[in-house]
Amino acid sequence: MSTFILPVGPQHPALKEPTSFRFMVDGETVVDADLRLGYNHRGIEKGCEERTYIQDLYLLERVCGICSNVHMTVFAQGVEKLMGIEPPKRGLFIRCLMGELERVHSHLLWLGVAGHEVGFDTFFMYTWRDREIVEDILEMISGNRVNYGMQTFGGVRRDLDEMQIKKALDGIAALKARTPYYLNIGASEPTLVARIAGVGVLPKAKALELNAAGPTTRASGVDFDVRKDDPYAGFGEHIPFNIVTDEGGDVLARVVVRAKELMESYNICEYILKNLPAGDIRVKAPRKVPEGEVVSRAEAQRGECIHYIRSNGTDKPDRVKVRAPTLANWPATLYMLRGGYVADIPIVMAAIDPCLSCTDRMAIITDPKGNEKVWNWETLRQYGIDFYRKRGIKL
Amino acid sequence: MSLRLGAMLPEVLKHLFKKPATVQYPFEKIGVPKGFRGRPVMDPNLCIGCQMCVKDCPSEALEIHKESEATDEAGKVSKKFSMTFYLDRCSHCAQCAEICPKKAIHMNSEFEDAAFDRGALKIVYK
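Chains as they are written, first to last, in our numbering: chain A, -6 to 388; chain B, 70 to 195.
Be careful, since some hints might not be right.
Claimed, not checked - To spell it out: a stretch of chain A is covered by chain B in this simulated footprint if at least three of its residues, at any positions, have a beta carbon under 8 angstroms from a beta carbon of chain B; those stretches are:
| # | segment |
| --- | --- |
| 1 | 35 to 47 |
| 2 | 113 to 125 |
| 3 | 137 to 146 |
| 4 | 178 to 184 |
For the record, the hints were derived by calculation from the structure and aren't laboratory data. We put the CB at the ideal spot given by N, CA and C, even for glycine.
Only chain B is shown next, with the shape it has when bound in the complex (with noise of 0.2 angstroms):
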């Protein structure tokens, strides 16, 4: 292969008459793809409180509280629990999402989760 100098010029040369490869964040946003892991979302009204997702969170981000327990006529007890969330330790694994025997847990597609207070970081789902 001959060695010329400037090889690499006329690629550059091109670009001058491109757009940009970067977008204006945040002003202009690229999206995220259809499975991204953003941060976990719980219905209370799925949970069974099994306490897997607690089990298995690699970053201990996760509590799950029973709220209420009330007894129908009929003698079937129904429990109610809330999920308590610390953002600020969530490594977004997913793995509470896949564990979830009832499906309660699901990923949403938010990203920007940065705050100047930690205790905004703690999120209850009840």
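Chain A on its own, in the form it takes in the complex (with noise of 0.2 angstroms):
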């Protein structure tokens, strides 16, 4: 069997963000599939410790545009559990119900982006369009469209009035009208079934064992969900939802989990904004948080999100370091790619919904001299900027 290197990155008009993958194709079949990481690296963990706790709140906001709600849950409440402070249930309500709208606009831009990746702009068109309802309840609340800045330690930063909550039900009941469409598209629509079924195949065993995350390993049959099984917020309070599964594993039935999810959100929304609980959104947090050291998740749209804070007694934390679902569902997808075709790359991978720059990583290069440098966030910063000056771009 003669087999070719197939390589795809670090810059290539296919990806949208900077990775390497190198597939090894026999014809038109991946044999096998490799990954490596660390062109996009940004230092956020790094910055983080030369930055105060408020600071770090908007800082790691922006590790990722799409899932920017739930990274500033996260570190929030892991703050709060250092900082021994509790917020208030009204806070809590409004920091979940960010949370849904954030997997709604996310889930029906996933829709979307699937739909584009195996050529039906049609159905791209449609879930985009109706996008735009769940984006402007979420600038409505929050003053953005993107960054909504609406956590903060000790619960969040704005209330709603009735006049938004009875915006955002509209809003709400229209887009719950319209998903059960998209639904039966996705399951009904021969030329999109024809493409998607079938192909990337992750089976139970297999997603378990390589640790995939959110709707992909619910793709394959695992009831695992951080809202249900290490309740957060306001969820350990009886706020009502299923977990969505299916036995399918390709994706389609990750199509069909994350369609069936949206409608799951739909109902948390609407059962927040009628059950919103009296009361204060907030309580006073303190500057300086006490030593110590822990680890905080919640469910993103695209799995578990995972931050660990160590704090040193000072306004600055010691250590952050961020897992961004992405990370965890590289080895399962580098599984599916293999014994796949090579035209079904880009869906399979589109199927994770892929975040390459949330889950950059620095590679450390070890010299087998013993030259290795540590380097501070200043000389890292120097180096950035003398690294463009070389090559005759003006900062």
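Could you use the hints to bring the two separately framed chains together as a complex?
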């Protein structure tokens, strides 16, 4: 058998962000796949150590554009645990509401992207048009369409008034009426079904073995969801919802799981908006955080998002570590790609809803002569500035 | 569920007779909601120079400078402060407006902030 190595990336027209894939192909079949991360490292974790907790909140929000609220939530609830403060119930409910609205916008965005990747652009146009409804709700509540900046230590930053609740309920009702149509199309349009059924199969045993996360693992029949298994924010208090799973394990199953999760999220949003407890939205938080360490997690739309925070008693953290859900999904993706066709690569990769820069890590290449250097923030920054200056880019 | 070809066709045909979902920006604009986080605007008459906004700004986009100091006949010292704001660094998080103890900063509803010259993005409130 003769194989050929097909390199995709670090810069490639099919990739939205830089990363490097090596596909061993035999004709049209992918025999093996390998991945190298590290082309889009932004030094956010290191940056957190140089900034105060309040500043970190906004820096970590920018780990990802799509799951901005989740990173803020995870960091805020971790630091709250270190501070020993408990946000009021109304604040926690609004925290959950933001998370679910974000899930709705992300899943609608993903449905469109999935349609686009398989050449079904009509689907993409309609889902993205309807996504505007939830974007408008998010903008109305938080004042911004992408980085909502709603979470803070001790609760949330903005309250909801009656008018906003009414408008949000109207918007969600419109989306709730619309989403079954997409589920219907996803499962009944023969060209779409033929393109995605049986593609990128991940069996349940493999999903567990490779530690896949979020809708990817739920589409393989694993009923894991942080909201249920380790309830956070308001989820511990009786917000009713079901975990959506599917036994298919292929791309079609991932479309179905996400479309059904949308329906669950609408129900959660409606429940929260109709049963919003009265009272304050936040408590006062101290500026300095007592010494300690904490692991905080939440269910992002792509899977489990984990932050590790270690404090040293000052107003700046000692260490912040971010595990974005896409990092957990990479081993499973490489497994799914093996044995498939080259033409299936884009949709299999898109099916995990990857976010490359969120998951990027610094790669340390060990020098056998032992000439390793430890860099602090200033030298790292200066290196970056000099790097571009040397190439004639004015800064 | 039965498969049928062109399942989306009726929807597409229906939309031939509907208004477009988009507007002709920049000729036509849709407004921003009430709590929109545009650019921060500072009222120098209210500022007490506590520097809380400067300390909390995640993108180091603010500077507060003392402009003048005057002592009146009763011995009361009154200070005036100015704020230099770099719009090109601002991330529009509104933390400055939130932390200000005198509510001297508020976010306006401007969203067309692009400029050809970086200097035009430096705004001084005094």
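Consistency of the hints with the structure:
no. : hint       : result
1   : 35 to 47   : holds (count 3)
2   : 113 to 125 : holds (count 5)
3   : 137 to 146 : holds (count 3)
4   : 178 to 184 : holds (count 6)
In summary, this structure violates none of the numbered hints.
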